[in-house]
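Colleague: Mapping of the sequence shown onto UniProt numbering: position 15 corresponds to residue 15, and the numbering continues sequentially without gaps.
No wet-lab data here; the hints were simulated from the structure.
Values in this document were obtained by computation on a predicted structure and should not be read as measured data.
Honestly, I wouldn't trust all of these hints.
As the list claims (entries may be wrong) - Below, simulated SDA-like cross-link-like pairs (lysine to any residue); rule was C-alpha separation at most 20 angstroms, straight line:
1) Lys144 with Glu126
2) Lys35 with Ser195
3) Lys35 with Ala20
4) Lys35 with Asp215
5) Lys144 with Met112
6) Lys35 with Gly22
7) Lys35 with Lys144
8) Lys144 with Arg11
9) Lys35 with Asp227
10) Lys144 with Leu24
11) Lys35 with Asp19
12) Lys35 with Ser90
13) Lys144 with Ser195
14) Lys144 with Gly125
15) Lys35 with Ser64
16) Lys144 with Ala127
17) Lys35 with Thr105
18) Lys144 with Glu192
19) Lys35 with Gly151
20) Lys144 with Ser90
21) Lys144 with Gln96
22) Lys35 with Glu67
23) Lys35 with Arg217
24) Lys35 with Val193
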Amino acid sequence: MSDPTPVLEARGLGKTYVDAGGALTVLHNVDITVKAGESVAVMGASGAGKSTLLHLLGGLDAASHGEVWVDGRSLTGLGERERSRMRNQSLGFIYQFHHLLDEFTARENIAMPLLIGGLAPASAGEAADAMLDRLGLAARGHHKPGQLSGGERQRVAIGRALVTRPRCILADEPTGNLDPHTAEQVFQQLVEVCSERGGGLVVVTHNPQLARLLDRRLTLADGRLADSD
Numbered sequence: 001m002s003d004p005t006p007v008l009e010a011r012g013l014g015k016t017y018v019d020a021g022g023a024l025t026v027l028h029n030v031d032i033t034v035k036a037g038e039s040v041a042v043m044g045a046s047g048a049g050k051s052t053l054l055h056l057l058g059g060l061d062a063a064s065h066g067e068v069w070v071d072g073r074s075l076t077g078l079g080e081r082e083r084s085r086m087r088n089q090s091l092g093f094i095y096q097f098h099h100l101l102d103e104f105t106a107r108e109n110i111a112m113p114l115l116i117g118g119l120a121p122a123s124a125g126e127a128a129d130a131m132l133d134r135l136g137l138a139a140r141g142h143h144k145p146g147q148l149s150g151g152e153r154q155r156v157a158i159g160r161a162l163v164t165r166p167r168c169i170l171a172d173e174p175t176g177n178l179d180p181h182t183a184e185q186v187f188q189q190l191v192e193v194c195s196e197r198g199g200g201l202v203v204v205t206h207n208p209q210l211a212r213l214l215d216r217r218l219t220l221a222d223g224r225l226a227d228s229d
């Protein structure tokens, strides 16, 4: 029997920014549940708060109110060290720009989260090799980012996010910097690998064609999240 615990869940999530000019509420009581093996697209206009939502779900920013659970464990009240450990072990992050470390090879970039988590270098290297092979990059493992195409760099970023076998991947316009054909190829690989590994996937995207490749589509507007199917 599969574990009924959601890999990611938020209830009553809100975010308000306050400065000298007053208060700006970006998110109002957002609820979201992501099950194991489920993929969810979050769409909305620029400035709607999609990236803010991902940052709150990933523990990269603190909510003004509400609570987030990752694999049944609440992020609320965790210290920075505990949040960092949870992000390393249970979450994977992919951004529009790959943010690879230019001085390291593709293999080393993918292995990095495992090394940070304390895995032995030999085991981390083996896991990185397996991920490179899965993503069709076995021949490119010893190349540095500057020697790779845009699509290859983004696949390395995907490999880096997936190599720890996280419970959920959070992706912010992960193919927004690629041409349409390459974007669809890379996006499809991301969805396939997440599905194979039984993890959840939340993707912020402006592209309705890519969003249709996912299990559910949500729209964020006026700070509120709603089904768009």
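Colleague: Compare the structure with each hint and give your call.
Modeller: Here is what the structure says about each hint:
no. : hint               : result
1   : Lys144 with Glu126 : holds, 18 angstroms
2   : Lys35 with Ser195  : holds, 11 angstroms
3   : Lys35 with Ala20   : violated, 40 angstroms
4   : Lys35 with Asp215  : holds, 11 angstroms
5   : Lys144 with Met112 : holds, 14 angstroms
6   : Lys35 with Gly22   : violated, 38 angstroms
7   : Lys35 with Lys144  : violated, 35 angstroms
8   : Lys144 with Arg11  : violated, 41 angstroms
9   : Lys35 with Asp227  : holds, 16 angstroms
10  : Lys144 with Leu24  : violated, 42 angstroms
11  : Lys35 with Asp19   : violated, 37 angstroms
12  : Lys35 with Ser90   : holds, 14 angstroms
13  : Lys144 with Ser195 : violated, 28 angstroms
14  : Lys144 with Gly125 : holds, 16 angstroms
15  : Lys35 with Ser64   : violated, 25 angstroms
16  : Lys144 with Ala127 : holds, 18 angstroms
17  : Lys35 with Thr105  : violated, 34 angstroms
18  : Lys144 with Glu192 : violated, 25 angstroms
19  : Lys35 with Gly151  : violated, 28 angstroms
20  : Lys144 with Ser90  : violated, 27 angstroms
21  : Lys144 with Gln96  : holds, 19 angstroms
22  : Lys35 with Glu67   : holds, 17 angstroms
23  : Lys35 with Arg217  : holds, 14 angstroms
24  : Lys35 with Val193  : holds, 16 angstroms
Of the hints listed earlier, those the structure fails to meet are numbers 3, 6, 7, 8, 10, 11, 13, 15, 17, 18, 19 and 20, in rising order.
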